[in-house]
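Assemble the complex: chain X is given as a structure, and chain A must be docked to it using the hints.
Going down the list, the protein sequences come from chains X and A.
For what it's worth, this note's numbering labels the leading residue of the first sequence as 1, then goes sequentially.
For what it's worth, this note's numbering labels the leading residue of the second sequence as 1, then goes sequentially.
Keep in mind that the hints were calculated from the coordinates and are not lab data.
Every residue gets a Cβ at the ideal spot worked out from N, C-alpha and C, and that includes glycine.
Where hints are given, some of them may not hold.
What the hints assert, rightly or not - Residues from chain A shown here face chain X by an in silico Cβ test under 7 Å; the list is partial: (1) M1; (2) P37; (3) P41; (4) F58; (5) V92; (6) V97; (7) M104; (8) I159; (9) L163; (10) Y166; (11) I171; (12) P173; (13) L188; (14) A193; (15) I216; (16) G217.
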Amino acid sequence: MSQTSERIREPSVLDRVDDRIKVLCVVAFVAAVALLPDGAWTRFGALAGLLLLAYLLGRVPLLWALKRLPLLLPVFLLVGLSAWISSRGESGMGTDRFLSVLVGASMSLLALALMAYNPGPDNMLRALQFYFRGSFLVTLLTMTHRYIVVIVAEARRMLRARDSRGQPPRVLDRARVAGSMVGYLFVRSLQRAERVGHAMEARGFTGVYPRGRVRPLRWTQLAAGLTFCAAMAAVVVIP
Amino acid sequence: MHMPDRVLTPEVWATLDVASVGLVGGAVYKTRQRLEPRDAPLMAVMAAFIFAAQMVNFPVALGVSGHLIGATLAAVLLGIGPAVLIMTAVLVIQALVFQDGGLMALGANVFNLALVAPVVGYLVYGTVLRHARGPASPQVAAFLGAWLSVVATAAVAGIQLVLSGYAAIAIIPGILLWHLAIGIGEGLITVAALQLVWKAKPEMAPISGEAEPPRIGRTTSVVGLLAVASVLALALSPLASPSPDGLERVAHDAGLAEEFEHEPILPGALPDYTTPGVEGEAASTAIAGVIGVLLVLIPLAAVVWLITWGKGQEEETAQDAA
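With the rest of the complex left out, here is chain X (with noise of 0.2 Å):
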C-alpha cells in the first residue's frame, strides 16, 4: 500500500499530531456528526469541510477513501425505500431526514477511513491501548486484528483452491462446501491458537499486555485535542 512509502517520503501535518490525540478528535467528530439535528446542513457543511481540511492536510487519498462509501449502500436502500413508503402517509419521513441519514453516515465513514489511514490500526490500537490501560478487550482487540492477516490470508488460499476448481450446481451442495470450508478453517485455527496460546504462556504472558512505561501526551497536543472536541460539542449545541 501507498500509504507507507508516503509518510517515509515527507511527514504530513497529519503525520506531527499525536496517534491519541487524533484518535480523541476523530470520535469526537463521529459524535458530534450522529447528534446533528436532521436538517442542519450548514453545521453539516462545516464539518464536512474540516474534514476535507484533514484529508487535504493529511494527504489522505480520497478516492481510495470514497471507494468505502459502498458499504452503505443496503442500509440507504431501506431508508430510502421507508422514506418512499413515508411519504405516501401522512407522517412522511421527510427529504431532510433521508438526506441527513445519507450524508451524516457518509461523514461518519469518511472520517474512520481517514484514522485507518492515518494513524493506521496499529497505532489506533496502541491509543486505545493508552486511553484503556490493561483491558482486556483492547488486548483481545490487538491480537485479533495480528492474526487476522494469517487467517485471512489461509481463507483466501482455500477461496482461490475452491474457486480454480468450481463450485457445484445446486446451491445446496455450495452452501455445504462453504461450512466445510469454515469447519476445516476452524480446525486449522484451533491449532494454530494452541500453539501460539502455549507459546505466549511460555514467554510469560499474563493474559493482558503489561503496563510500560507510557509516553505522557505533550500539554500542548492535549490542548489542541481538548479544544477539538470543545468545539466539536459546541457545533452539536449551539444553533
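Below, chain A alone, put in the same frame as chain X:
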C-alpha cells in the same frame, strides 16, 4: 447488516451503547474468571477465524451470494461467554479498521450481532439438544439455533430502526422474511462446519464426545424462548390484516353484518387486535400481538412445566444416585 452512524437516533444508539458496555463488561468478567493466560490468544485467533469465515461466501443466484455470520457457530463450539467477546472483537475491528458499521452505532451492532445472535442461537441449540433424541439431534439443534439467531437479530434491528423513525413499520416484515431465507443459509453452513469439526475433533462433539452439553435451565429456556417469540410477534405485527375474515365477509355480503352487530356483553381485552389506551394503529397492533403471544405461550409453558416437573426430578435423583 452492520448499522452505520445516523441510522439510529441518539436516544436509541446511546441506550444500546450503554447496554452493550454493561453486558459485554459482564461477559468479560465472567469469562476471565475461567480463563488461563493462554486462552486470550486462543480467543484472538478464534475471533480472527470468525472474521475470515465471514469471507467464505457461496453464490446463491442472480449475483447474490451468502456467507456466515458465525455467532451460533462460535457459541456452540466455544461457549456463550467467549462467543460474545469474540463477536464483539470482530465487530470493533470491522468498524475501526474496515469502516463496516458506525462508531456511535457500535453499541447497536454489538447488541444485535454479539449479544442477541449468539444468545438466541445458543439458547435454541441448548433447548432443542436437551429435548431431542436421535443421532441427528445436534445437527437439527444447530440448524434451528443458527436460523433463529439470524431471524431474531433482524427483528431486533428492525425494531431499533422503527424506534428511531428511520424505517417505516411496514418494511419490517419484509426485512424479516428476507432474513428467514438468509437464516437457512446460515443454518446450512453452520451445520456443515460443525459436522466437519466434530468429525475432525470428536472430543468436541456434544453427545459422543467429552464436550459438555449446554447447561440451559428450564426457566432460562422458557423465558428466553418467550422473549424471542415476543420480539418476532412485535416485528411481524404489521402483517396483521385489517380486512374481515371469511365468515365476517360472507355476513357482510349477505347483508347480515348489521343485524348481528351489537354491543358485546363482555368487552374484549384486545378488541380487533388493538390495545385499548395505546395511540397509533401500528403500536396498538404490535403491543396486542406481543400480549397475544404471551397469553398463549405462558399457560402452555406452565402446562408443559407441570407435566415434565416430576420427570425432571426423577432424572436428577437418578443422576445423583449414579
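Consistency of the hints with the structure:
no. : hint : result
1   : M1   : 6 Å, holds
2   : P37  : 5 Å, holds
3   : P41  : 5 Å, holds
4   : F58  : 4 Å, holds
5   : V92  : 6 Å, holds
6   : V97  : 5 Å, holds
7   : M104 : 4 Å, holds
8   : I159 : 14 Å, violated
9   : L163 : 13 Å, violated
10  : Y166 : 5 Å, holds
11  : I171 : 5 Å, holds
12  : P173 : 12 Å, violated
13  : L188 : 4 Å, holds
14  : A193 : 4 Å, holds
15  : I216 : 23 Å, violated
16  : G217 : 28 Å, violated
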